[in-house]
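Residue numbers (the working numbering), protein chains in the order written: chain A, 624 to 1039; chain B, 624 to 1039.
Worth flagging that the hints you see were computed from the coordinates, not collected in a lab. A portion of the hints provided could be inaccurate.
Because identical chains share one entry, a pair is satisfied inside a single copy or across any pair of copies.
To be verified - Below are the EDC-like pairs computed for lysine to aspartate or glutamate, each with C-alpha atoms no more than 16 Å apart in a straight line: (1) K749 to D776; (2) K733 to D870; (3) K640 to E1009.
2 protein chains.
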Amino acid sequence: MITHEQCLYWDKEDELKHFKDEFALPKDIVYLDGNSLGARPKNSLNYAQHIITQEWGEDLINSWNKADWWGLPVRLGDKVGQLIGAKQGETVISDSTTLNLFKVLSAAVKIQANKYPERKIIVAEKDAFPTDIYIIEGFIDLINQGYQVELIDGVSDLDRVLESEVAVVVLSHVNYRTGYFYDMAEINTKIHAKNALIIWDLCHSVGAVPMDLNAANSDFAIGCTYKYLNGGPGSPALLWVNPKHRDEFWQPLSGWWGHRKPFDMAQHYEPAKGIRRYLCGTQPIISMSLIECGVDIFLKASMQKIREKSLKLTDLFIDLVNQECSEFGFELITPTDHHYRGSHVSYQHPHGYEIIQALIARGVIGDYREPEVLRFGITPLYLGYEDIWNAVQHLKAIMQHNEWKNESYLVRGAVT
Amino acid sequence: MITHEQCLYWDKEDELKHFKDEFALPKDIVYLDGNSLGARPKNSLNYAQHIITQEWGEDLINSWNKADWWGLPVRLGDKVGQLIGAKQGETVISDSTTLNLFKVLSAAVKIQANKYPERKIIVAEKDAFPTDIYIIEGFIDLINQGYQVELIDGVSDLDRVLESEVAVVVLSHVNYRTGYFYDMAEINTKIHAKNALIIWDLCHSVGAVPMDLNAANSDFAIGCTYKYLNGGPGSPALLWVNPKHRDEFWQPLSGWWGHRKPFDMAQHYEPAKGIRRYLCGTQPIISMSLIECGVDIFLKASMQKIREKSLKLTDLFIDLVNQECSEFGFELITPTDHHYRGSHVSYQHPHGYEIIQALIARGVIGDYREPEVLRFGITPLYLGYEDIWNAVQHLKAIMQHNEWKNESYLVRGAVT
Chain A
624 MITHEQCLYW DKEDELKHFK DEFALPKDIV YLDGNSLGAR PKNSLNYAQH
674 IITQEWGEDL INSWNKADWW GLPVRLGDKV GQLIGAKQGE TVISDSTTLN
724 LFKVLSAAVK IQANKYPERK IIVAEKDAFP TDIYIIEGFI DLINQGYQVE
774 LIDGVSDLDR VLESEVAVVV LSHVNYRTGY FYDMAEINTK IHAKNALIIW
824 DLCHSVGAVP MDLNAANSDF AIGCTYKYLN GGPGSPALLW VNPKHRDEFW
874 QPLSGWWGHR KPFDMAQHYE PAKGIRRYLC GTQPIISMSL IECGVDIFLK
924 ASMQKIREKS LKLTDLFIDL VNQECSEFGF ELITPTDHHY RGSHVSYQHP
974 HGYEIIQALI ARGVIGDYRE PEVLRFGITP LYLGYEDIWN AVQHLKAIMQ
1024 HNEWKNESYL VRGAVT
Chain B
624 MITHEQCLYW DKEDELKHFK DEFALPKDIV YLDGNSLGAR PKNSLNYAQH
674 IITQEWGEDL INSWNKADWW GLPVRLGDKV GQLIGAKQGE TVISDSTTLN
724 LFKVLSAAVK IQANKYPERK IIVAEKDAFP TDIYIIEGFI DLINQGYQVE
774 LIDGVSDLDR VLESEVAVVV LSHVNYRTGY FYDMAEINTK IHAKNALIIW
824 DLCHSVGAVP MDLNAANSDF AIGCTYKYLN GGPGSPALLW VNPKHRDEFW
874 QPLSGWWGHR KPFDMAQHYE PAKGIRRYLC GTQPIISMSL IECGVDIFLK
924 ASMQKIREKS LKLTDLFIDL VNQECSEFGF ELITPTDHHY RGSHVSYQHP
974 HGYEIIQALI ARGVIGDYRE PEVLRFGITP LYLGYEDIWN AVQHLKAIMQ
1024 HNEWKNESYL VRGAVT
């Protein structure tokens, strides 16, 4: 039997508890949606004021040099790289995850076409965040060279599909709905054994779980900075390329930021040496700069300690729902095995949408994903054990009093 | 003979002079680089504070609905649309100019391939901003269907190339170096007579010259918001599609923001009806939102009045350089005919780079572009007649005293 007092004690003993002071969170809410939009680092306000008044307003175009706007994608990429097992010069921040997938997919397909021209299958998951599938479809339609996408039903379906002519596999490191956490090294070994290449979508794993892209021998990776990394709404995305592939090919979104000599105004594209060839056009400097506020907090913490606390908090959430809400029909769809669990917990429930609305009305911010999934993001830097206790108590009250049966909760707006 | 007093008189009579108060410019400088990075609207600071503290910090994911982050690309697109002769629902703000060119180029090529499969030539200008050429090259390499790029030497070379199998022509409405301003309607007529399609790059014309994309019967347009429109460094770009083409095809950067039902998490891409199909992934909300501050100032002014003042100021610049600097070897490369002049004035000079550095040291901020081009952007909303007088006086003093002969001015940094 877990008690409120026990949760208070765990908070008191929590080594990471002081990191909550680095974030500006609204009062009286429990924010369980940091896996969709990370909370705001307090520093972000001062830093934005500096960028806007000094870098833009006062220094104007001189900031391309003085504030090194030009170097931001690589400089911030190297910082984020420390959280994903990348070495310097392997990562850039640029554009969106969707666009970055188009870039690395183009590169991966080109590399494979040179070696294994008969391989025409690109594998993705049925349960991937759909933009990954959409961009693969767009790419295949565009190049019109006989490629096809094959959708698999999770990892258990991977062995089957690898018996066919697979060129590239695109997988989410942590599934955005279920929280299933793939064993990167094990999957890579399997995929490489069949001479396919792997692209990892890190949207729901960067800043949530420790990883080492190099040690696991991954090929390509992309991911968001505005979820666990707290970079701000829609902040530009990360892109990582294994150095062994980096100079093999460039990518077709070949804009001037990726040119070898961007200021020569040359009439033909020549890709930059190194990771800069994965850049395209001019970047949104304010949204990009603010990524640093979130990432710097992570660099002061340790991904190992964040992971330990994440597992304790997700365990607590699962145990408390078992203890307090067992009669209300919540079906856990997140793995109980730590080895396969990311940093969010999801349940299916036929009234999931309305229950999430009722929770939000009580100040517990989780989110809803089709079909029928209640999703609770666990962000150890700004959540404590009592927060989880309170969230589950609200959930219990809502179910006991049928608070979710409210007509206004059936009106659906945009969710992201 | 133009005098300082005459310039002061013109400033006094200037109907647009009060708009300067809307901008936060550094003291004691003359900013002639608003065609590279527009000045900062004063409002942008308060608005950024609101977005960061309230929309991001307090309202968190609720802002996707409450602040309509989701609708920003179309809402801001419609505002910018008023400056380019677009009707509601024809324009979006999204990604970068380079990426938007890839999208509309893909659509234009697809539309043409269905009607005129033998047409395999994509025309661009030798003197285009190079990213336009680079993205065409990237596109051609990727699809590998026998397309080729043909570079023309300005408008006089267009008739020649239109005798061959041209599918699509990409032109800069105002050339980034020379300031040459194409007659959109005349060129469109010529291109359409040969059954080719036109893509206009408006980077150096939107907010600088009046235009009417619909009246001129253009096909596609793209352009920057961070130059004349003062949207902030690297703010996302505009994309316009003629309604007659809008539903013919979508584009291969098919991300979830362009899906017909983005929140259904469907397993196949289905393009949205209307202009939203030109969206791709999640947008940088802070950088995008700030575009509104700049555009709202334009919507209070009139593009016709801005154009009239722009021509007076560029005339004044040219006349004063003739009057004060005739012996120093500046060769005007901007058209003297108003019909063909955008809103910047450019000169070639063998010591252009060092002269620009000397001007910057005196607080006159112009910029340099290879080869040997001194470029002076004229932004009527925050520049007056005395500013032009002062700029030319500084230029004269630098040439008279050989101030540009300074070793430190030979060290070249990044310029944009």
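Evaluated hints:
1. Taking the shortest Cα distances, K749 and D776 sit within 16 Å of each other inside one copy (6 Å), while across copies they are farther apart (50 Å).
2. In the homo-oligomer, the alpha carbons of K733 and D870 lie at most 16 Å apart inside one protomer (12 Å), although the nearest pairing across protomers, at 31 Å, exceeds that limit.
3. Proximity of K640 and E1009 under a CA criterion of 16 Å is satisfied intra-copy only: 12 Å inside one chain copy versus 59 Å between copies.
Checked against the numbered hints given earlier, the structure satisfies every one of them.
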